[in-house]
Each structure stands twice: as structure tokens, then as C-alpha cells.
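K.L.:
One letter stands for each residue in the lines below.
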Amino acid sequence: MHGRPRKATKQEDPAAAAAKSARLRELQSQLLHFHHNRIYTKEAVSVSSKLLEINPEIYTGWNYRKLAFQHNLKEVSDTDTDTDTETIKSAIEDELRMVEVALRRNPKSYGAWYHRKWILGQKLVPANFDHEFRLLDMLLKADARNFHGWNYRRFIARLKDVSEEEELKYTMDMINTNFSNYSAWHNRSMLLSKLLRKKAKGFHEEESILSDEFELVRQALFTDPSDQSGWFYHLWLLDQTSTPHKPHLVSSWPSDKLNIEISAQFKEKCERFPIIFCFNQQVDGVNLATVTINSKLVSSEHITWKPLSANNSRKSKIWVGFLENFNKYCDNSEGLSVEISVHCCESIVHLKFVMKLSHMDHQGENGDGFEELFLWDCPKSQEINPYLVSYDPWRLRVESVEEDTKWHLDTLSAEIALFKEMSECDEDSKFVKLTLARLLGAHNSIKSGGSAYFEEILKLYDDLIKLDAPHYRYYRDERSLVLLDQMTSSKDSLVEYCSRCENSSFSCINPQLCINFSGLNLTRIGFVERLLWVQILDLSHNNLTSILGLEALQLLVCLNLSHNQIMSFTALEPIKSLQSLKVLDLSFNEIGSHPVDTTRYLCSSPLSHTCNVTETMEELARENIKIGDFWEAILLFESLQLAQLDMQGNPVTNERFRVLVGKVIPCLKWLDGKPVR
Amino acid sequence: MGELAVEKHAQYILSVEKRKDDFESLVMEHLRLNGAYWGLTTLDIMHKLGSVNPDEVVTWILSCQDKESGGFGGNVGHDPHVLYTLSAVQVLALLDRLDAVDVDKVSDYVAGLQKEDGSFAGDIWGEIDTRFSYVAICCLSLLHRLNKINVEKAVDYIVSCKNLDGGFGSIPGGESHAGQIFCCVGALAITGSLHHIDRDLLGWWLCERQCKDGGLNGRPEKLTDVCYSWWVLSSLIMIDRVHWIDKNKLSKFILNCQDLEKGGISDRPDNAVDVFHTYFGVAGLSLMEYPGLKPIDPAYALPVDVVNRIFFQK
Numbered sequence: 001m002h003g004r005p006r007k008a009t010k011q012e013d014p015a016a017a018a019a020k021s022a023r024l025r026e027l028q029s030q031l032l033h034f035h036h037n038r039i040y041t042k043e044a045v046s047v048s049s050k051l052l053e054i055n056p057e058i059y060t061g062w063n064y065r066k067l068a069f070q071h072n073l074k075e076v077s078d079t080d081t082d083t084d085t086e087t088i089k090s091a092i093e094d095e096l097r098m099v100e101v102a103l104r105r106n107p108k109s110y111g112a113w114y115h116r117k118w119i120l121g122q123k124l125v126p127a128n129f130d131h132e133f134r135l136l137d138m139l140l141k142a143d144a145r146n147f148h149g150w151n152y153r154r155f156i157a158r159l160k161d162v163s164e165e166e167e168l169k170y171t172m173d174m175i176n177t178n179f180s181n182y183s184a185w186h187n188r189s190m191l192l193s194k195l196l197r198k199k200a201k202g203f204h205e206e207e208s209i210l211s212d213e214f215e216l217v218r219q220a221l222f223t224d225p226s227d228q229s230g231w232f233y234h235l236w237l238l239d240q241t242s243t244p245h246k247p248h249l250v251s252s253w254p255s256d257k258l259n260i261e262i263s264a265q266f267k268e269k270c271e272r273f274p275i276i277f278c279f280n281q282q283v284d285g286v287n288l289a290t291v292t293i294n295s296k297l298v299s300s301e302h303i304t305w306k307p308l309s310a311n312n313s314r315k316s317k318i319w320v321g322f323l324e325n326f327n328k329y330c331d332n333s334e335g336l337s338v339e340i341s342v343h344c345c346e347s348i349v350h351l352k353f354v355m356k357l358s359h360m361d362h363q364g365e366n367g368d369g370f371e372e373l374f375l376w377d378c379p380k381s382q383e384i385n386p387y388l389v390s391y392d393p394w395r396l397r398v399e400s401v402e403e404d405t406k407w408h409l410d411t412l413s414a415e416i417a418l419f420k421e422m423s424e425c426d427e428d429s430k431f432v433k434l435t436l437a438r439l440l441g442a443h444n445s446i447k448s449g450g451s452a453y454f455e456e457i458l459k460l461y462d463d464l465i466k467l468d469a470p471h472y473r474y475y476r477d478e479r480s481l482v483l484l485d486q487m488t489s490s491k492d493s494l495v496e497y498c499s500r501c502e503n504s505s506f507s508c509i510n511p512q513l514c515i516n517f518s519g520l521n522l523t524r525i526g527f528v529e530r531l532l533w534v535q536i537l538d539l540s541h542n543n544l545t546s547i548l549g550l551e552a553l554q555l556l557v558c559l560n561l562s563h564n565q566i567m568s569f570t571a572l573e574p575i576k577s578l579q580s581l582k583v584l585d586l587s588f589n590e591i592g593s594h595p596v597d598t599t600r601y602l603c604s605s606p607l608s609h610t611c612n613v614t615e616t617m618e619e620l621a622r623e624n625i626k627i628g629d630f631w632e633a634i635l636l637f638e639s640l641q642l643a644q645l646d647m648q649g650n651p652v653t654n655e656r657f658r659v660l661v662g663k664v665i666p667c668l669k670w671l672d673g674k675p676v677r
Numbered sequence: 001m002g003e004l005a006v007e008k009h010a011q012y013i014l015s016v017e018k019r020k021d022d023f024e025s026l027v028m029e030h031l032r033l034n035g036a037y038w039g040l041t042t043l044d045i046m047h048k049l050g051s052v053n054p055d056e057v058v059t060w061i062l063s064c065q066d067k068e069s070g071g072f073g074g075n076v077g078h079d080p081h082v083l084y085t086l087s088a089v090q091v092l093a094l095l096d097r098l099d100a101v102d103v104d105k106v107s108d109y110v111a112g113l114q115k116e117d118g119s120f121a122g123d124i125w126g127e128i129d130t131r132f133s134y135v136a137i138c139c140l141s142l143l144h145r146l147n148k149i150n151v152e153k154a155v156d157y158i159v160s161c162k163n164l165d166g167g168f169g170s171i172p173g174g175e176s177h178a179g180q181i182f183c184c185v186g187a188l189a190i191t192g193s194l195h196h197i198d199r200d201l202l203g204w205w206l207c208e209r210q211c212k213d214g215g216l217n218g219r220p221e222k223l224t225d226v227c228y229s230w231w232v233l234s235s236l237i238m239i240d241r242v243h244w245i246d247k248n249k250l251s252k253f254i255l256n257c258q259d260l261e262k263g264g265i266s267d268r269p270d271n272a273v274d275v276f277h278t279y280f281g282v283a284g285l286s287l288m289e290y291p292g293l294k295p296i297d298p299a300y301a302l303p304v305d306v307v308n309r310i311f312f313q314k
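For the record, the sequence lines run as chains A and B. Its first residue numbered 1, the first sequence is counted upward by one per residue in full-length UniProt numbering. Its first residue numbered 1, the second sequence is counted upward by one per residue in full-length UniProt numbering.
If you're looking for bench data, these hints aren't it; they were derived computationally from the structure. Errors might be hidden in some of the hints.
[Unchecked claim] Taking lysine-lysine pairs in the BS3-like style, the calculated list, with each CA pair at most 25 Å apart, reads:
#1 B/Lys115 <-> A/Lys66
#2 A/Lys459 <-> A/Lys447
#3 B/Lys162 <-> A/Lys246
#4 A/Lys160 <-> B/Lys115
#5 B/Lys67 <-> B/Lys105
#6 B/Lys67 <-> A/Lys466
#7 A/Lys141 <-> B/Lys222
#8 B/Lys67 <-> B/Lys48
#9 A/Lys194 <-> B/Lys162
#10 A/Lys7 <-> B/Lys8
#11 A/Lys7 <-> B/Lys115
#12 A/Lys117 <-> A/Lys141
#13 A/Lys430 <-> B/Lys8
#14 B/Lys48 <-> B/Lys115
#15 B/Lys247 <-> A/Lys108
#16 B/Lys222 <-> A/Lys430
#17 A/Lys7 <-> B/Lys222
#18 B/Lys247 <-> A/Lys430
#19 B/Lys222 <-> A/Lys108
Next up, chain B with everything else stripped away, as it sits in the complex:
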């Protein structure tokens, strides 16, 4: 098996952080806060977080916060949204700097997005998606403020999005998709509600995502993609069915998607790399206990030592 080019990937991530003006970076400017989470978590898993200045990061993150609502936008000046609020909280947790925010203000913003039926909107404009259920629950749990929402209704809504193939969609009736499944399984895991899942049925649907090339796709008859190494794999781990896929073949697939010259990982071999796929590839390898990497928690998507610190240190 090839090796994970840790040095190259670390350098790639740090270079992306500096690059802001080319077209590709501009097109993703609105989700730079997500990018910070992907990049920094990858660095930490590879034991390279030391190459970053935490104070600079914290200052920049805080500048993305909308002072009025308490939520965070994807970049400075962009509207607040729950997706970027989670990334902000995750990065602060990573750096052990959750003290830098007013925890109640942030959690009030997130909790305020829950609807009567238990679902969550992404922002004040009201788009409903189970992705937002996961993001809200994960965020509030990390801040120890899960009691601000109606957990039972949140769980009921997620269960209403369960499909007959055992998977989950974005809204009731929505087709099963690995990304949505990760969100729903993660939310149910964090709220102690995994008993709502038929783990054998979902486990089989998920393990059938592994294709002949060893990679995983997101739903039947679709192409394999490195990002599913996270969505599918973490779901399998949370329901204790990861042994139903061939980890060796998947590891080989991920390693083949590396750009060994310039660093970074792409969605498929020989495609352009980006921070998104670099994170998912490395995180997937961590879930498979690739040597030299820190273990990552499948539900909170943060290194296990960070999660343990948050829940077991008074």
C-alpha cells in the first residue's frame, strides 16, 4: 500500500490558508469557515496543529460572528447560518478556546432555529433539512446546551425522515443519501437515540456503497468519491457495522487520490485536490486506524481527545 504523504498535505493546507485571490478560492470564499474547520482538524489528526497560530485563528473566527444574532457567517460580512456556526464552535473546541465566545448567545441563536415539528431551519429564511438538525444538535452538545431545544421532538422529526431502505433523507420522503444518513445517525447518536435505527438494514445499505474500485459512493448506481469515506464510514462506525466493508481496499482508494507532488487529496484519482476532500480522506483513514493518525470521533467529527476533554474534564 502507498503511504499517506502527511508533510505534503500539511503544506497544502497551510498554502490554501494563504491563498485568497485566485478564482477557485474566491468561489469558495463564502464557506471559508468550513474550510478552516476542514483544514485545522486535518492538521490536528496528523499531529501538525502546532504550525498554526491559535490567536490569529480565534480572532478571525470571531470576526465572522454576526453581533446581533450571535450566529456565524461563512466569512467576514456574510450572513449567519447554522452550518458556519458549527464550524466556528468546532474550531474553537479544537483549539480549546470555547471561552472566547458567549456560549449562551451562540446557543440561543442555534436553539432559536428549531421549529414546532422538531425540525431545524438553517437560518432565518427557513430552509429545513436534516443536515441542520445534526449541525444544531452537535453544536449545542459541544456547548453543553442541548437542554435549550426540545430533544424529543428533534429526534421524532429525524425519525420521520427514515426511509424504507433503512436510510435517511433531507426531509420526510427524501431519498436516502450517505451525507444525510451521516447527519441523522450522528444526531441520533449524540442524543442517545440510535435504537430508532434498524442497524442491520442500514448497515447493509451502507456497506453496499463499496464499489469494485474499493471506494465508496453515496447511493446506489453513483460514482465513488473520497468524501463518502467519511459520510459512509462514520455512519457504519456509529452503528457498529464498519466490519462489513473491506477497509484495506478503501484505504488504497483514498491513498490513490492523493496528489503526491503538490499535496492534498481529490474526490477521485487524478482529479483536482481541495481542502474538503483532503479532510475527508484523512478523517476516513483515521477512522480505519491508519498508523500515525489521531483517532477521530465519528459523531462529533473532532479528534477523540478533544471530545473526551469536553465531556470528561470538569
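Extracted from the complex, chain A is given alone in its bound form:
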């Protein structure tokens, strides 16, 4: 099936070709005959040998041989009182020889390799390990990337109980023979991480082991920078150096020492108050035992903690708990003071915040809110908003990071210096530039309070977009993240993106402040842990295809995603959990123009067994609406309580669709700028 030229290099004699086919057909039908009639004589088995030599892919042939082997062994033990070891050995050798013949024909034959494993795995006699390792050496010399060979080597090593340290030496031998051996590097990384995790003898000094590996891969990269293996290995080492081993809390809403002023209307309208935790890794175990609340009027039992995830995963980076009936507790003129302790992985984080009733009367807060259309024309404002005053993305992190980062920062600095040198010598290497950008980014993420390197990293990605055009959208995504990091890195940088919301006629803790990230060529979202407090967010006029991360913004009331490149309703899965969301602008995206949905399996749906056909869908099906055509929209909108929705400018929006929306969102007041009903 692979690697055969279209025009045969020499024409085969038709008579010879016909004879070849006839022979193969003859052998195949004989094999099936013997197999179905359970004939296991020497002659019959030799037919299978001839067949498998020509075509080792006929799996039924290998099955037949296993049955013949079992049958003939049983005969031996039936006829003699002692099992004849010589006969067994000889039978095994016949099978092993058959496999070697087949492997000569096709060293990647699944059937051949498994047959060998099956024979030796039965441990009827001790295996000849020398022979096995010699066979492997020969095959891996001929093709160092044959993964069947490497998998078989792992099998034999386990059978012989070879230590991981010895196998690690073997990977070193293979790498020394040829640096360009991804398979060897892969095995090395697996063995090393096992040994480090076990803290095996000689492997408990993780930092010195990693330093040695950096040295090793450096040699590979200098010897042959065009071979990819070294670069992927370097990325793994970088990850080991920059990712903290233990998960920790990165941010929360409310943040520590925050004073929250709540309007009378908000207190009246909202019965539940969200508390959000954001960790640096997916965690489980956030519950009544690990989160303790200390407050005069509220106790731990008043809160149920849930992970925010699209599927039914128990683990998540973001956890939410709702303070039910909190409005009862705010009548106190002192306000409600709440202290929270989060026990996570051997560290404890303490938070304290206060909720008070605001004495200011927010204008126009009558009725339900949204009697008037919410408009997105918020003028820029550098007014100091109470939330900006206390904005400090580094504070929580500094308190909770316990790990010593000196070796990590020193190692990264050394690598950065090296790669800067390399990039001066080799302007055109994309891997050098990409690795340098990653190193600088890793350094940024560890060194708290640092804002170094942003401009350098942005420039590197701009270079990469030109240098490696086919992958430009990967670099644009990375660039967006760096930009967001820079924009949210401090109070001073963030204030540039604040707008004052004039027409806030709805209940909101913070109705005047709009975060305006429009027109920045953003392709994806990140650093949401710094934006948990945001309620009005403008992301219009960007290049977003994904909004992953927005699920953390549990306080969001108004969201503008117009003029982006959202391609389907499934891409909007993150907002399904935004219970406070009232205003959503999706106009001028690409929903309905893509037959292939790239987020089809990243949302809850019957296709991935993460939700069933819902009641709403069944009702609509009864009204003769083809739910197969609209399931994505139905599952999205039925979970929201929107007051205002804009969909114009998407190919999916037609009369049929507008009618559907009216049915699925009964509380909707405005659709595409016009009142509903």
C-alpha cells in the first residue's frame, strides 16, 4: 500500500504474474480449509508457513498457527507422562523462526511481532534473551525508528526484569550513534521521568539531572540543528524547569482585602453570589473540607463547590461556589465580612473581603433592567475605579508560591543567553527563535512582578510569522497570549483599556466599568485569572475563533463578540455557565458558513455522551423542527437567560432561525436591535 511507483519499473511477464496470483489464492484457500476443519498436521502447518512468508498480513494465518501450536503441545503432554521439554523447545523455535522470516519480509508486521510476544509471553521455557536482544539490535540498526521494535524491546526488558537505569544507558548508546533519533529521545524522556518520580538511587537530585540533560541536548542541537528530535526534547526539559510541580491557587474573586459595594437593586435581584477560585493546574478536591469560611453570618455549609468544565470532569482549573441567599446577610450596616481559607496541596491561602450596601443610588435601576437597548459605545475613561485600585495580578501569587525558584531562573537565564547567541549566528532558524520566545516567556511567568521581555517576545513572534508562513496562525495565537499578558500585567497597563459605561440600567456590582479589548487582532483569550471581576467586556473587532477561558468570568453581564471569526455555536460552550449574562452580541461572525465544526467535541452534546437530548429539543421535535439542524444553537441558548441578543451578519441567521430563538429564549427582550414581540 505504501511506496510503490505508479508506473511499474519493469513490466512483469503476464504468465508469471498469473502464476503468482494462482499460488497465493491456492495457499489462502488451503489455509482457511485447514483452519475451519482444525487440521494441524505438519503438512498443513507448512502451508501456513509458505503463506505467511509471502504475506505476513494474513492475520487468520497467525491465529491458525497459535491453534496448531496449542493443539500439538497438548498432544505431546497427552502422550507422555512427563512433558517433553525438547519437543516444546523445538515447537517454540519453529514459531520464532516463522516470525523472523515474516519480519524479513515486513519488519512492521503487527501479526508477526504479536505472535512472537504471544509465544514468549507464555513462559513455557526460559527465553533466549541474548538472541532476542541481538534480533532487536539488528532490526533497530536497520531502522532506528521502528516503533514495533522499540515496543518489543520494552516487552523483553520487562520479561527479563532489566532495570530502567540500564535501558536508559541503551537510549544513550542509540543517541550517541545518531543524534537524529526521536525514538531514542522519547524513550529517554519516559525512563528519566519515571526514575525522577520514583526518586530512584542516583536520581533524587532532579536539578542536577536536568542540567546534565540540557548539556546533552545542547550537543545535539549544535551538531544538527535541522533535526527536530533535539528541539522537542528541549521543550520537555523547559517544561520541567518552568512548571511548578504542585498546584496552587493563582487568583480568586473576590480578591483578598476587597471591599465590595452592592447596590440595593443588585441585592434585591441576585440571590446567589459567586466565589471563584482559579488554580494553575486542573485540581479536584475543592469541597467543604478544604475550604473553610469564617464569618458571622455565613458558614461553610452554605456553599457547594463545583468545577467548571465542559464535560463531566471532576477536575478543573476553575472552581465556583455560590453563596446562596446572600441578600439576607447584607442588611447589616457594618457589611458582611467573610474570611476564607483554601487548603490546597500542603499550602493554605487566606482571603478576606467585605460586602456592604452602597449608599449611592444608581440611576435608572427600575424594573427588570433592559427596558432600553444596551449600547456598546462606551467612551474611554481613566477614572480610578475601586476595582482598579486594588488590581494587582501578582499579589496572590507571591503569597502562595512556596517553591524555591533560584535554580529555575538561573537555568533559564543561561539558556536564554545561549539561544540569543545562536539566533545571532543563525537568523533563519525558526526553532531557535521559537525556543528563545518560549524561554523568555517561561522566565516571565516565574519571576514575579517582572515585566521584562514582553516587547522582545512580541518581536520574535512577528519574525516567526514571516519566517515560517505556513504556521503563522500558531504564532498569532501565541502572540495574542503575550499581548494579553502584557495588557493585564499591572494596574497602569490595564487602565488604558477601561471605558465608562453610560447606559447601565441593570443590576450589576460594577455597572460603570467596561473592559475594552476591541480591535487588538486577538485570536484567543488568556490570563482570565486576572479578570475574574469583569462584568462588561468588549472583545469586538478581533480575530477570535475561540473564547475558551471566558467560563471563568462568572460575573459577566454584558459580552460583545461582534466582528470576530466565531465559526459555530459549539465554540461558545464557555459562556453556557455564565448565569448572569444578559447581553450578548454575536453579530458579524461566521456562524453557519462552515460545514466542518472544529469545536464539535469540545462542547456538551449527545455525540460525546456528555448530555442527553434535552426536553427543549424534544418539544421542538414535536413541533416538527429538525433538531439535527439546530442542536448546537438549542443547547447553547436554552442554558442562558439573555435579555438582549444580536445575531445579524451570520449566515445562519434567517427567519426560521429567528423563530427558533424566540422559542428557546422566552425571556429575550431584544433581538438584533428590535424588541421581541
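Starting from the known structure of chain A, arrange chain B on it as the hints suggest.
P.N.:
Showing chain B alone in chain A's frame:
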């Protein structure tokens, strides 16, 4: 850009169906059921399924079933194996003829292949491979019988085959390979478990499969091949990272692998064509929204309208 020679490919597929006696066909006789799936799905994507007689196909498929175990062999008289059982179910789904089998008997065969640690054997002989995890999960899901296996353990086993480069191998510790990655990502997608994947890490490993000739290879430092247009591309789509490759260049590469005289697509330009690569080339183009082709579902590897019919029509 050149064009997809739909007529030629349709004719090629139908001719392969008739050809059974030359050496090349004989050597692949044991996987003819896979071939039926590749050929018929390609025809459907090209809106040409009408040229096939569904009753004949169904009869032949049923004749490949092992009456005792309920599993299907690659051809009449060949031993049952989960690989061919999936192809049988997929073709029946394509033709909307899942009523032709005893769903519980087939699903019991597949479910019975799950081991204690959650892995799946391919057949009674016990070879373990994450390919079989995907095949079993896909098959049972199409039959609405996923509840017959321990899904959590199946997922745990697949996750144990995750490598440090973000990819997946055939067994724990096995090197990352695009074919295995497709199987693991597909299985995790169908079981709602994609959160176990570091999508940025795997996405980058996958997008680096695109080489200078525009084609995709299966792992670093290997040759490009049209079949990776499916394995790599569908994986990228399922994790929403397909925009990280250059679709135009890949489309050109696939179209260059066509045999415009005799029909069919080969692994590389100017190589011999076969149904396997014809399917993967056309399916890859469908994933990239090539005009005139039906969209294909990246996890179930069947046209989207077939999958929607199975999950949304009561």
C-alpha cells in the same frame, strides 16, 4: 489549484470492488471489509453512493460475520476481529441498515474484549493496542451500547498512553505516532474526555507534521504521506487546532497525489494508487471544506449527516 477528479475516483473505487483476482487484490483480501468502508464512505462524501446496490453490500457484510462470536472478519471465512467489526458497523450506518444486525450480539462481542486495566484486545488472541480502544468505543457508540464497557477505565488506559510530547502511543511508553494519536483523541472525544489532552502541546506537535512539500508526515523526520491528511487533520480538528496548519498547501499536496488518468489517490505523487489512500485524501479534503464534498465527522469518520441521523433522530 488542480481539481478533485470526482468521476475518475468514483469509477476507480467501483472497479476495485469488481477486481478480486490479481495479486495486489489477493494480498489485501483479508481486509476487504475495511476496503468496503473506505470505498463506500468516499463515494458518499462525493455524493456518489447511489451507484452501489445497498442490499448486495449488506448481504456480503453479513456473510463476513462469525455466527458464534458475533464479530466480523475481514472477509468471508476469516477470523473475527474488532477492526473489521467496526468497518461492518460503519458501512451499515452509512447505508442506514443497522437494523440488519443483532445489535446486542455485536456489542457483546466488542465489549467482551475489554481487559481489567481498561485496555482492549483486538480479538481472543489478546493483542493490546490503543487502536482497538478507539475501534471498540466508536463501534459501541454508533450502536448506542457504550454502557456495556467500563468507560472510565477505558479512558484511564488511554491516558496512560499519553507521552511527554503531548501525543499518544499504542501501549504505555509507546512513541507518539499520528495514527495512534487519532485513535486516542477520537476515543477521548467520543467519551467526552478531551480535557485530558494538553491541546496546545499536542496541537503544536501535530502542526509540525506539515513539511515543506505541504504534505503531512506521521512523526518527526519521516516522509509525508496522504494518509496523514486524515490522521493528523482529524486530530487537529477535534482539538480545535486545525488553523495551525496551511490548508491550501495540504490541499495542493493531496490533489497532486491523484492519478488523473486511471483515478484513485496514492500515498505520494506518482506512486501507485489504492482505496486506502483514496479515502484518506478525499476525507482530508472534506475536513478542509473542499467545495462539493459532504462534510465528514472527525471522530466517527462518517459523513456528518450520518452521525447526526444516528444521534438526533429518535
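K.L.:
Are the hints correct? Go through all of them and say.
P.N.:
Hints versus structure:
1. Taken as a hint, the B/Lys115 and A/Lys66 pair is honoured in the structure, with Cα atoms around 21 Å apart against an allowance of 25 Å.
2. The hinted pair formed by A/Lys459 and A/Lys447 meets the criterion: a straight-line CA distance of about 21 Å does not exceed 25 Å.
3. Straight-line distance between C-alpha atoms of B/Lys162 and A/Lys246 comes to about 20 Å, which keeps the hinted pair within the 25 Å bound.
4. For the proposed pair A/Lys160 and B/Lys115, the alpha carbon gap of about 24 Å is at most 25 Å, so the pair holds.
5. Among the hinted pairs, B/Lys67 with B/Lys105 is consistent with the structure: their alpha-carbon atoms are about 10 Å apart, no more than 25 Å.
6. Taking the CA atoms of B/Lys67 and A/Lys466, the gap is about 60 Å. The hint is violated against a cut of 25 Å.
7. For a cut-off of 25 Å, the pair hint linking A/Lys141 to B/Lys222 stands: about 16 Å separates their Cα positions.
8. For the given pair, B/Lys67 sits about 32 Å from B/Lys48 by alpha-carbon distance, which is inconsistent with the 25 Å threshold.
9. For a cut-off of 25 Å, the pair hint linking A/Lys194 to B/Lys162 stands: about 14 Å separates their Cα positions.
10. Between A/Lys7 and B/Lys8 the CA atoms are separated by roughly 18 Å; this keeps the pair inside 25 Å, and the hint holds.
11. With a C-alpha separation of about 46 Å, the suggested pair A/Lys7 and B/Lys115 falls outside the 25 Å cut-off, and the hint is violated.
12. Between A/Lys117 and A/Lys141 the CA atoms are separated by roughly 21 Å; this keeps the pair inside 25 Å, and the hint holds.
13. Among the hinted pairs, A/Lys430 with B/Lys8 is inconsistent with the structure: their alpha-carbon atoms are about 41 Å apart, more than 25 Å.
14. Between the alpha carbons of B/Lys48 and B/Lys115 the distance comes to roughly 40 Å, so the proposed pair goes past 25 Å and is violated.
15. Of the supplied pair hints, the one linking B/Lys247 and A/Lys108 is violated, its CA atoms being roughly 31 Å apart against a limit of 25 Å.
16. Simply put, B/Lys222 and A/Lys430 have alpha-carbon atoms about 19 Å apart, close enough for the 25 Å limit, and the pair holds.
17. For the hint pairing A/Lys7 with B/Lys222, the CA-to-CA distance comes to about 24 Å; that is within 25 Å, so the pair holds.
18. Simply put, B/Lys247 and A/Lys430 have alpha-carbon atoms about 20 Å apart, close enough for the 25 Å limit, and the pair holds.
19. This hinted pair checks out: B/Lys222 and A/Lys108 have alpha carbons roughly 15 Å apart, not beyond 25 Å.
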